[in-house]
Amino acid sequence: MSLLAISEQAINGLIVSAIYALTALGLAIIFGVLRIVNFAHGEFYMLGGYAYYVAVTTLGVPPVLGVATAGCALMVLGGLVEWLLIRPVHQGKVDRPDEYAIMVTFALSILLLNLANSVFGPWPQRPQPLFRGRVEIGELVISGDRLAAAGMAVLLITVVLLALRFTWAGKAVRAVSQNRQAAEIYGISVARVGLIAFGVGAALAGLAGALIGPVFNVTPPMGVVPAIKAYIIVVLGGLGSIPGAIIGALILGQVESFATILIPDPSRALAYKDAYGLLVLVLILLVRPQGLFGTRERRA
Amino acid sequence: MTQRDPWKAATVALLLLAFIGLPLLGLTEYWIYTLTIGFYYALLAASWSLLVGYVGRISFAQAAMSGLGGYVSALSIVYFNLPVVGGLALGVLLAGIIGFALGLLTLRLHGAYLGLTTIAFAEILRITITAEHGVTQGSRGLRTAALIPGGTRLDYYYLFLAVTAFCLVLMWLLIRSRIGLFFQSIREDEDGAASLGVNVTLWKAFAFACSSAFAGLAGGLYAHFVQLIAPSMMSLQEMGFILAMAVIGGFHNVLYAALGGVLLQTLLEALREFGQWRLVIFALVAILMLRFAPNGLFGTLAAAMAKGRKRHG
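Taken in order, these protein sequences are the chains called A and B. First residue of the first sequence? That's 22 in our numbering, and the numbers climb one at a time after it. First residue of the second sequence? That's 3 in our numbering, and the numbers climb one at a time after it.
Note that these hints are calculated values from the structure, not bench results. It should be emphasised that the depicted structure is a prediction, and the values quoted were computed from it without experimental measurement. Warning: the hint list may mix true and false statements.
[Claimed, not checked] So, partial list: chain B residues that the calculated Cβ filter (under 8 Å) puts toward chain A:
1) G117
2) T119
3) Q239
4) Q278
5) A288
Glycine included, every Cβ here is placed at the ideal spot set by N, Cα and C.
Build out the structure end to end from the sequences listed, making use of the hints.
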């Protein structure tokens with residue numbers, strides 16, 4: 022394989038990783054604070070794509086503002102979902118809270134997927150991209166819309182990481198992630214932090230969907246595969262670990278990018294692309310369930 | 003569970019009689035077909051509730067296990083010239099064995115981690131069957147032999163009813179036996195059960211095996227009834243549908259889950275004019291049930307009726 026082909030695969034891997042990381046970061050923040058895996062994360066991502074489509078194509082908002090609109094819309098939706106469905110888990114209002122949280126978010130994903138199917142129809146939509154044209158580095162050609170999406174994703178990740186480190190809300194999120202009881206004793210409103218975490222987590226998935234929607238297509242099932250990737254990434258890095266989510270995304274992006282060129286038959290190689298990550302997920306859960314950076318938990 | 007409850011026995015007998023009598027009341031072929039598919043979902047939903055409701059082990063691989071049973075049966079007929087019943091049996095056996103293996107592999111996993119592993123397993127299976135189109139015809143779907151050569155809709159209806167009823171009796175016997183107590187002890191407090199001498203490892207894997215074998219049987223029957231199977235029957239969307247059926251019916255009881263399956267499949271056909279909105283409504287009802295009535299429609303109904311009888315009797 023030539024150097025050009027290798028760097029092309031690596032760059033594709035990096036671009037994909039940036040979007041995966043943004044989605045997975047949202048999942049990691051939600052898990053860290055609320056101790057639940059949001060099985061509807063892919064549908065938040067998909068709704069972000071549709072929010073961008075409605076803002077840009079239907080209402081004529083400029084693309085950059087369209088991304089912001091999608092983020093805000095999903096933050097509101099995430100907050101609502103937390104308030105209506107997730108908060109009862111921590112208030113002892115449901116029996117078997119673990120099972121309830123898994124099943125309710127899974128049912129929510131089915132609800133949102135079919136809602137999008139009913140409202141927007143099953144056919145794909147292609148909103149205007151953030152940036153047209155292409156970028157050439159020597160012989161290497163990268164399409165501009167992908168690069169712009171990845172660049173925005175990296176920017177957003179940086180903002181979130183800085184916010185987690187330096188703002189009051191960010192510190193509260195980290196405190197609750199580390200120790201719920203202790204955070205509460207120190208006067209943090211755990212309920213409010215939960216609301217913020219779920220809202221921000223949903224917004225990050227929505228932003229990822231809004232960024233990549235115009236690159237590929239916006240369709241009702243578009244979130245299924247990225248959500249599974251996000252689960253793999255957070256398990257790879259350790260559920261709830263934020264650096265773990267980013268490193269997990271980098272690993273998965275490269276594994277997928279290079280594993281694809283290992284099988285000579287191209288149609289089968291493409292078909293199996295999504296299976297590699299799943300295999301990684303199963304192996305990690307079986308061998309090291311706490312992930313690379315996670316702390317061991319007895320039951321979750 | 004009260005063991006000698008005449009009301010409960012009477013209700014079950016009445017239900018069975020109603021299903022036996024329904025086609026005689028001049029039901030059209032279309033509705034007989036719909037109910038037959040309803041029995042397929044009833045068996046799937048009941049097998050899922052056996053695992054989730056009684057043992058407390060979450061699995062999102064039920065639709066995949068059904069597909070596995072169907073594909074093994076269909077392919078063994080094509081490649082080994084097995085008779086249809088032999089193919090079905092092989093499908094059930096393999097689904098059971100793979101279920102046992104999955105149960106063993108995931109012994110240490112709980113809750114969301116278990117859910118994720120079963121999703122990964124289900125998706126790997128679906129992707130493999132789609133990708134190996136040389137063997138399975140991929141997403142175009144695989145044509146397969148009829149279960150009853152030259153059988154009428156009515157033949158299939160009674161066969162599916164009989165098999166579903168038989169499987170429900172098997173599940174009920176299992177739940178009522180010592181094994182059923184082991185299951186429930188694992189659900190309530192795994193460590194406590196282990197300390198009292200319950201072989202937690204064995205029974206967790208065994209529950210997975212049983213649940214998968216029933217799903218495999220359902221899938222095999224379905225494949226040879228419709229005579230066409232496609233990987234879409236293993237999708238997570240289909241799994242969501244099974245979950246909605248069991249939750250709406252009541253997933254802590256195999257009979258209620260089965261009734262949820264028949265009910266939702268019938269409604270799905272009756273409300274055809276609403277298109278995709280039906281699934282939106284079902285998912286919404288499932289969410290509301292989980293939140294406010296975890297015993298499901300039939301569980302809540304049964305509790306209300308028992309209360310009413312106590313008041314009047």
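Going down the list of hints, with the structure as the test:
1. G117: Holds, because the Cβ-Cβ distance from G117 (chain B) to chain A comes to roughly 5 Å (cut-off 8 Å).
2. T119: holds, 5 Å
3. Q239: holds, 7 Å
4. Q278: The hint holds - Q278 (chain B) has a Cβ within 8 Å of chain A, the shortest such distance being about 4 Å.
5. A288: holds, 5 Å
In summary, the structure agrees with every hint in the numbered list given earlier.
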